[in-house]
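Asks: So the protein lines, in turn, are chains A and B. Residue 108 in this note's numbering is what sits at position 108 of the first sequence, and the numbering runs on without skipping anything. Residue 98 in this note's numbering is what sits at position 98 of the second sequence, and the numbering runs on without skipping anything.
I should point out that these hints are in silico values taken from the structure, not numbers from a laboratory. It cannot be assumed that every hint is accurate.
Said to hold, decoys possible - Here's a subset of chain B near chain A, in silico, CB distances under 8 angstroms, partners left out: (1) 5; (2) 7; (3) 8; (4) 26; (5) 32; (6) 86; (7) 108; (8) 111; (9) 116.
As the list claims (entries may be wrong) - Incomplete in silico selection of chain B near chain A, CB under 10 angstroms: (10) 4; (11) 6; (12) 28; (13) 36; (14) 59; (15) 89; (16) 91; (17) 93; (18) 106; (19) 109; (20) 110.
Said to hold, decoys possible - Simulated crosslink set (DMTMM-like; lysine to aspartate or glutamate; CA at most 25 angstroms straight-line): (21) 42(A) / 22(B); (22) 68(A) / 88(B); (23) 68(A) / 27(B); (24) 42(A) / 27(B); (25) 14(B) / 105(B); (26) 41(B) / 84(A); (27) 20(B) / 59(B); (28) 71(A) / 105(B); (29) 71(A) / 59(B); (30) 64(B) / 87(B); (31) 55(B) / 88(B); (32) 41(B) / 27(B); (33) 41(B) / 52(B); (34) 41(B) / 49(A); (35) 42(A) / 105(B).
Don't be surprised by glycine CBs; every beta carbon is placed ideally from N, CA and C.
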Amino acid sequence: GESVGLHLPTLSVQEGDNSIINCAYSNSASDYFIWYKQESGKGPQFIIDIRSNMDKRQGQRVTVLLNKTVKHLSLQIAATQPGDSAVYFCAEKRGGNQFYFGTGTSLTVIP
Amino acid sequence: GAVVSQHPSRVICKSGTSVKIECRSLDFQATTMFWYRQFPKQSLMLMATSNEGSKATYEQGVEKDKFLINHASLTLSTLTVTSAHPEDSSFYICSALRTSGRFNEQYFGPGTRLTVT
């Protein structure tokens, strides 16, 4: 497997604040990236994606930024809500259809 | 959105026995499915790519004789953990690839919690 077996970093934010979650990916040939949200005991849920020919993509309350120079991806969540509390993973696609997940970040929203 | 189911959601088995986990795409056909495992507070690790009508492709370090994958139809892939041991206890998640025009989208199942005693 390609995922790193490290324990999850954590991020705590106050409700209503903006959250920024970062991800470093490993392969410069990766051409497609997805951010997933995973709640406890459930499968990952698609949030937003971005292709390597873009550097920014916006969705509803979420923005993904891609910096290919330093192989860095970020997820920005605006006006964070308690329902946003979850673990967030970035995943990169390298060539074929396989996706490899990053370490993940556990987000806790404080009411 | 597309729906992928897994069965069972939880299973407890004794050491040395085998366990089969099913992954179904309910409203689309999937020639490709993926199997992941996830340890507590860790990331998803891709185990193998399941291809309908052909052999699965395993990631480096994953024992193919230990984790048997069968993708017998366009809507069903199964993962069998053979001769399970406590260290195989984990959260197993499948996903199915849906081809839509130029792009492929991956839909995840809800996961199966395996506990080996």
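Asks: Are the hints correct? Go through all of them and say.
Replies: Checked hints:
1. The beta carbon of residue 5(B) comes no nearer than 10 angstroms to any beta carbon in chain A, farther than 8 angstroms, and the hint placing it at the interface is violated.
2. For residue 7(B), the interface hint is violated, the least distance from its beta-carbon to any beta-carbon of chain A being 13 angstroms, above 8 angstroms.
3. Interface hint at residue 8(B): violated, since its Cβ lies 14 angstroms from the closest Cβ of chain A, which is beyond the 8 angstroms cut-off.
4. The beta carbon of residue 26(B) is not positioned within 8 angstroms of any beta carbon in chain A (closest approach about 14 angstroms), and the interface hint is therefore violated.
5. Residue-level restraint check for residue 32(B) holds (minimum Cβ-Cβ distance to chain A is 6 angstroms; threshold 8 angstroms).
6. Taking 8 angstroms as the C-beta cut-off, the interface hint given for residue 86(B) is violated, the closest approach to chain A being about 18 angstroms.
7. Residue-level restraint check for residue 108(B) holds (minimum Cβ-Cβ distance to chain A is 4 angstroms; threshold 8 angstroms).
8. Annotation: interface hint on residue 111(B) holds; nearest CB of chain A at approximately 5 angstroms, less than 8 angstroms.
9. For residue 116(B), the shortest C-beta to C-beta distance to chain A is roughly 18 angstroms, which exceeds 8 angstroms, and the interface hint is violated.
10. The beta carbon of residue 4(B) is positioned within 10 angstroms of a beta carbon in chain A (closest approach about 8 angstroms), and the interface hint is therefore held.
11. Evaluation of the residue 6(B) hint against chain A yields a held restraint, the C-beta minimum of about 8 angstroms falling below 10 angstroms.
12. Residue-level restraint check for residue 28(B) is violated (minimum Cβ-Cβ distance to chain A is 15 angstroms; threshold 10 angstroms).
13. At about 8 angstroms, the closest approach between the beta carbon of residue 36(B) and any beta carbon in chain A falls short of 10 angstroms, and the interface hint on this residue holds.
14. For residue 59(B), the shortest C-beta to C-beta distance to chain A is roughly 5 angstroms, which falls under 10 angstroms, so the interface hint holds.
15. Look at residue 89(B): its Cβ only gets to about 15 angstroms from chain A, farther than 10 angstroms, so that hint breaks.
16. The interface hint given for residue 91(B) is met, as the beta carbon of that residue sits about 8 angstroms from the closest beta carbon of chain A, less than 10 angstroms.
17. Taking 10 angstroms as the C-beta cut-off, the interface hint given for residue 93(B) holds, the closest approach to chain A being about 5 angstroms.
18. The beta carbon of residue 106(B) comes within 6 angstroms of a beta carbon in chain A, closer than 10 angstroms, and the hint placing it at the interface holds.
19. Below 10 angstroms, beta-carbon pairs count as interface contacts, and residue 109(B) has one with chain A at about 5 angstroms; its hint therefore holds.
20. For the restraint placing residue 110(B) at the interface with chain A, the shortest Cβ-Cβ distance is roughly 5 angstroms, inside the 10 angstroms limit, so the hint holds.
21. Our distance criterion of 25 angstroms between C-alpha atoms is met by residue 42(A) and residue 22(B), whose separation comes to about 16 angstroms.
22. At roughly 36 angstroms between alpha-carbon atoms, residue 68(A) and residue 88(B) are farther apart than 25 angstroms, so this suggested pair is violated.
23. Proposed proximity of residue 68(A) and residue 27(B) is contradicted: the alpha carbons are some 36 angstroms apart, above 25 angstroms.
24. As the CA atoms of residue 42(A) and residue 27(B) are separated by approximately 20 angstroms, the hinted pair is consistent with the 25 angstroms bound.
25. A distance of roughly 36 angstroms separates the Cα atoms of residue 14(B) and residue 105(B); the hinted pair therefore is violated under the 25 angstroms criterion.
26. Between the alpha carbons of residue 41(B) and residue 84(A) the distance comes to roughly 17 angstroms, so the proposed pair stays at or under 25 angstroms and holds.
27. For the hint pairing residue 20(B) with residue 59(B), the CA-to-CA distance comes to about 20 angstroms; that is within 25 angstroms, so the pair holds.
28. As the CA atoms of residue 71(A) and residue 105(B) are separated by approximately 22 angstroms, the hinted pair is consistent with the 25 angstroms bound.
29. As the CA atoms of residue 71(A) and residue 59(B) are separated by approximately 23 angstroms, the hinted pair is consistent with the 25 angstroms bound.
30. At most 25 angstroms may separate the alpha-carbon atoms for a hinted pair to count; residue 64(B) and residue 87(B) meet this at roughly 16 angstroms.
31. With a C-alpha separation of about 22 angstroms, the suggested pair residue 55(B) and residue 88(B) falls inside the 25 angstroms cut-off, and the hint holds.
32. At roughly 31 angstroms between alpha-carbon atoms, residue 41(B) and residue 27(B) are farther apart than 25 angstroms, so this suggested pair is violated.
33. Proximity of residue 41(B) to residue 52(B) is assessed by CA-CA distance (about 32 angstroms); at most 25 angstroms being required, the pair is judged violated.
34. Restraint check: the Cα-Cα separation between residue 41(B) and residue 49(A) comes to about 23 angstroms, which is no more than 25 angstroms; the hinted pair holds.
35. About 19 angstroms separates the Cα atoms of residue 42(A) and residue 105(B), which keeps this hinted pair within 25 angstroms; it holds.
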